[in-house]
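J.: Protein sequence lines, in the order shown, are assigned to chains D and S. Residue numbers for the first sequence follow UniProt numbering, beginning at 1 and rising by one. Residue numbers for the second sequence follow UniProt numbering, beginning at 1 and rising by one.
Calculated from the structure, these hints are not laboratory results. Glycine is no exception: its CB is placed at the ideal position from the N, C-alpha and C atoms. Warning: the hint list may mix true and false statements.
Unchecked claim - Sample of chain S residues at the chain D side, in silico, Cβ under 7 Å:
| no. | residue |
| --- | --- |
| 1 | N10 |
| 2 | A12 |
| 3 | S13 |
| 4 | S41 |
| 5 | L54 |
| 6 | G55 |
| 7 | P59 |
| 8 | L62 |
| 9 | V87 |
| 10 | V93 |
| 11 | D95 |
| 12 | A99 |
| 13 | G145 |
| 14 | S162 |
| 15 | A169 |
Claimed, not checked - Here chain D is said to cover these stretches of chain S; the calculated rule only asks that three of the stretch's residues, wherever they fall, bring their Cβ under 8 Å from a Cβ of chain D:
| no. | segment |
| --- | --- |
| 16 | 28-35 |
| 17 | 137-143 |
| 18 | 154-160 |
| 19 | 170-180 |
Claimed, not checked - Here chain S is said to cover these stretches of chain D; the calculated rule only asks that three of the stretch's residues, wherever they fall, bring their Cβ under 8 Å from a Cβ of chain S:
| no. | segment |
| --- | --- |
| 20 | 77-90 |
| 21 | 119-127 |
Protein chains: 2
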Amino acid sequence: MDTFAARGYNNASLAEIAERVGLTQAGVLHYFRSKALLLTSVLELRDQSDIQQLGPDRPQGLAFLRHLVDTAIRNAEREGIVRLYAVLSAESVTDDHPAQDYFRDRYDGLRGFVADALREACGLPDDGSEKVGHAANAVIAVMDGLQVQWLLAPGAVDMAASTDLVVNALLRTLAPDRFGADG
Amino acid sequence: MDTFAARGYNNASLAEIAERVGLTQAGVLHYFRSKALLLTSVLELRDQSDIQQLGPDRPQGLAFLRHLVDTAIRNAEREGIVRLYAVLSAESVTDDHPAQDYFRDRYDGLRGFVADALREACGLPDDGSEKVGHAANAVIAVMDGLQVQWLLAPGAVDMAASTDLVVNALLRTLAPDRFGADG
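Can you make the complete structure from the sequences, with help from the hints?
T.: Right, here's the structure in full:
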């Protein structure tokens, strides 16, 4: 995880990873077969620790949106994981990247979760309105974009405050009667 | 530009770049001295074409915010440039990346521009209120984050619609009397 976060996937060296865990490169490849499979395994391991938050038992509606803000608070204490995701998610759009499907699927799932949560929080039907989808994509995007800014200038960026501001502003836009015009 | 966008900086090969422009590697290095300086030159060249939009004569207030939405519309027609920035900005947080200062400075400048534009659009004084800063960081973040999602799944993401939604929602939050609670 640390090596992929510090160097990205393409620039990570199996020799460095092997040395950090006290194995030979052949030893690492005995367990993971290839650098690409090692990357996939690292991402899957990370996901297991978040599975309660994003699995079928995840909080619903407003509680899920508050959970996203809590995640931004927690992320400010775990720079390594933030860097891992920021670097790899963007690097995944390069040609033939082994984590491209992983991130495409991850975003597909997240977009659906956030759209569901917005609809439930706002009491809106799932009527195919595009506005909720645009808002859901924006919530995920703001969290991702803040991470890169924060990694480069931690003192200039409050990830939780900006996320909270956007979530509340979008809730007021989607359901002004429920979330009021001020506050 | 195409090679850095397709592979990222770390994984880009000078041999490939030289071949694409019909030079030897020594020929490329005659002009740019190193791969790092070539990258910096590519980014500076890109900036020159946007200089009117982000220089001292840039549009002010609401017009600047509308310009950001227009940029998102235009970006949907120029996948290569979007990929270049998405990949390199995130890769810049890896250890010893040659574009780290470039992106740190770029975001510093952008945060100031967007905060100024929000204050002017909302008729707010520059009184050190943190809310405008949080909103400015969020506007930049949402544009960046949408790019990665869009590159992975263009049909699922409307960058301009999501950006417009967030900008309007934040304007209503910062100045509800001026921008109204509905619309």
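J.: For the restraint on V87 of chain S, tell me whether the closest CB of chain D is nearer than 7 Å.
T.: holds (5 Å)
J.: Can you verify the interface hint for L54 of chain S: is its Cβ closer than 7 Å to any Cβ in chain D?
T.: violated (17 Å)
J.: Count the residues of the segment 119-127 of chain D whose Cβ falls closer than 8 Å to any Cβ of chain S, and tell me whether that reaches three.
T.: violated (count 0)
J.: Closer than 8 Å Cβ to Cβ for three or more residues is the test here. Does the segment 170-180 of chain S pass it with chain D?
T.: Check passed, 4 qualifying residues.
J.: According to a criterion of three or more residues whose C-beta lies within less than 8 Å of a C-beta of chain D, is the segment 137-143 of chain S covered?
T.: holds (count 6)
J.: Given V93 of chain S as an interface hint, is its Cβ closer than 7 Å to any Cβ of chain D?
T.: holds (4 Å)
J.: Given a cut of 7 Å on the nearest C-beta pair, is the interface hint for A99 of chain S held or broken against chain D?
T.: With a closest approach of 10 Å, the A99 of chain S hint is violated.
J.: Taking the least C-beta to C-beta distance, is N10 of chain S closer than 7 Å to chain D?
T.: holds (4 Å)
J.: Going by Cβ atoms only, is S41 of chain S closer than 7 Å to chain D?
T.: Violated, about 21 Å.
J.: Using Cβ atoms only, decide whether G55 of chain S comes closer than 7 Å to chain D, and label the hint accordingly.
T.: Since the shortest Cβ distance to chain D is 22 Å, the answer is violated.
J.: Taking 7 Å as the limit, does the beta-carbon of G145 of chain S come near enough to a beta-carbon in chain D?
T.: With a closest approach of 3 Å, the G145 of chain S hint holds.
J.: Under 7 Å is the threshold here; is the Cβ of S13 of chain S close enough to any Cβ of chain D for the hint to stand?
T.: Hint on S13 of chain S: violated, closest Cβ of chain D at ~11 Å, above 7 Å.
The earlier numbered hints that this structure contradicts are 2, 3, 4, 5, 6, 7, 8, 12, 16 and 21.
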